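The primary structure of each chain is shown beneath.
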Amino acid sequence: MSDSSSNPDYTKQGAAASGAIDRSMRAPVVLFAAAGVFWLLVGTLLALITSFKLHTPGFLGNWEWLTYGRVRPAYTTVFLYGWATNAGLAVGFWIMARLSRNVLQRGTILNTAAVFWNVGVLVGVAGIFFGDLTAREWLEMPGYAAPILMFAYVLIALWVVLTFQYRNSKYTYVSQWYLLAALFWFPAIFGTAQLMAVYAPARGVLQEVVGWWFAHNLYALWLTPIGLASVYYLLPKILGKPVHSYYLTSVAFWSYLVFAGWAGMHYLAGGPVPAWIISAGVTGALLVLFPVFIIGINHHRAMAGSFGMLRTSPALRFTYFAAVAFTTVSVVAAIAAFRGVKEIVHFTYFTDGLMQWGVYAWFTMAMFGALYYLLPRVLQRAWPSPTLISLHFWTSAAGIGLYVFAMCVGGWIQGLQMNNPEAYPEFVDITRNTLPWLVMASLGGLLLFVAHVAFAIHCLWLLLRPETAENRSMLTAEPKTMKVAAK
Amino acid sequence: MNRLLVIVIGILLTIAFCWTGIVFSSYVQLGGLEHYEDEATGEFYPPPRAGIAQRGQKVYQELGCVYCHSQQVRRPGYGSDQDRDWGERQSVSRDYIGDRTILLGVRRIGPDLMTVGERQTSRDWYHRHLYDPRINTEGSAMPSYRFLYEERRIEGEPSGRALDLPEGHRPSDGYEIVPTSRAEALVEYLLSLRLDYDLPEVPTE
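As given, the protein sequences belong to chains A and B, one line each in that order.
Residue numbers for the first sequence follow numbering that gives the first Met the number 0, beginning at 0 and rising by one.
Residue numbers for the second sequence follow numbering that gives the first Met the number 0, beginning at 0 and rising by one.
These are computed hints drawn from the structure, not numbers from a lab.
Take these hints with a grain of salt, some might be off.
[Claimed, not checked] Heads up, incomplete: computed chain A residues facing chain B, CB under 8 Å, no partners named:
| id | residue |
| --- | --- |
| 1 | Phe-163 |
| 2 | Thr-191 |
| 3 | Val-427 |
[Unchecked claim] Where chain A lies over chain B, by a calculated footprint (3+ residues, C-beta under 8 Å):
| id | region |
| --- | --- |
| 4 | 3 to 11 |
| 5 | 16 to 22 |
| 6 | 33 to 44 |
| 7 | 74 to 82 |
| 8 | 87 to 99 |
| 9 | 106 to 116 |
What you are looking at is a predicted structure, and each value in this text was computed from that prediction instead of being measured.
Quick reminder that beta carbons are idealized off the backbone N, C-alpha and C, glycines included.
Excised from the complex, chain A in its bound form (with noise of 0.2 Å):
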């Protein structure tokens, strides 16, 4: 049995039919892309205000539709649904796509799709500023947003398996199983969520219990896999080379898909739920590191003797920042999940320091990747600009680094604080003392909005470029483009 890496693709014929794909699905692949694209720089904007409004709190403080409690969760509301969703829907079709040797069929399902999901996310986002927060994480948008981006899933599904029934291949690719996998989880837990949490609210605290599974799992199986599926794609394309261990990659698949939808119970940590419930969250974070460590060798392996490629490659160098970014941030959870270390980091902003670990340095850094091998392809045209990519690349690494580091170590200081009421008993102090942290990673946060105003430009600039004959030799022309930039 072969996976993508046996793609024939590499061979010229192949590559010709991929362009076909490619050309094929330029369509919803831009549209889920730019409409992505839109939403992070509004995510973008609205993080920064979230994040100067906990250093200064009179910042913007006289409306109440700009008040703290709504524009964060409009953020991350945006962040998730607008940005990762709509990025990832385009990198999923696209190797969906790719995988299936099939030009695109019914394009129109997936044009109307993207259509419902992104007026449903606005119609979301405004309720939540008109006040119609559910105030519960990650689900933040009122109910009546629900059936709009139930509809364009149910557009979505069905495009899927739609391409499934007229695919031109024999296998199922390692990429396929996890994009299946997201395809399934999401209308799981989201289902449930929206019946127990925000339609006809469990009793008590199960709606805690309910609205922590599914956050978790948006991240860990919805955002993940596609993730994942986009790393196993384009690790072996952008390097030539096999995935390793065929039989290790699908335990590695079905041992993630069975520990890691525990692992979010521990956000109740210590709290008024059955201590049963934290502590499958515990062992479900413990051993969801074993697929973790197989998927990181799978990738670091591929990567051995192929590091050169990141100074040309800046699709590779996107994914493989990510792939460090999964095994790292998995192993922090995994810790951090610990009774005596939850001890301290728990109720801090060590939380949101490693909430962005996993949605930003992990899954957005991939799709970034994705975008950069993807958009060129599909659109037949390459990136007019290498210098915009590297700006892009390490005002995003350092911004997300610096943001990263000043939320776990000061959420770590802060946890210690709170814990010692005899050297700390005024919680104004402890407020205070997480400033320096806080502004450094307002700081962080700077540094990603010019990251993404730069990608931003870009984007729009490829899009706007003609697609010539010389413009498209380039794409093949790309590594050494780069090469040029990089001195």
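Position chain B relative to chain A; hints supplied.
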């Protein structure tokens, strides 16, 4: 084709496994939790919240207070909740069954509010705090909720509900600051946040 089917069925099984293990099991254990009736007095615990406090909870939800405040007291020995005077006993599942929306919170940018109604008992204090947190606590990082208050020209007698504000925070002469009905509901809700009753399952020491 067969392989695909195996994968799909496998994925569905992992979903069923996790859903049963967490969602359904919790439902079985927690879904039927009832109020506790004190045989001696005939009172039910947790005590129901007054209508205005329930409306206040809605305001608490709409304004996203949960992003900075938790509502849970952990057991002694885990964290410092009780040493910080955030409650005399730990909170348990049953304490939460009376409300439609439960917001336990995962951040303590501000103090825990599970028992704030026992710590702060003055309505005026709450209104000043919401109007401008820096009146009660110098250097507070909490945002002001001034938009929950109305600045009005005093016509005839000043309103009995007007805020009693210290020097430097008062409106100009001839004006007064009056809470809106949402501010009043929110304060009633905060006042109702108490854990001053016992439940059989709570370990007493």
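Problem set entry | Hints the structure fails to honour | 6
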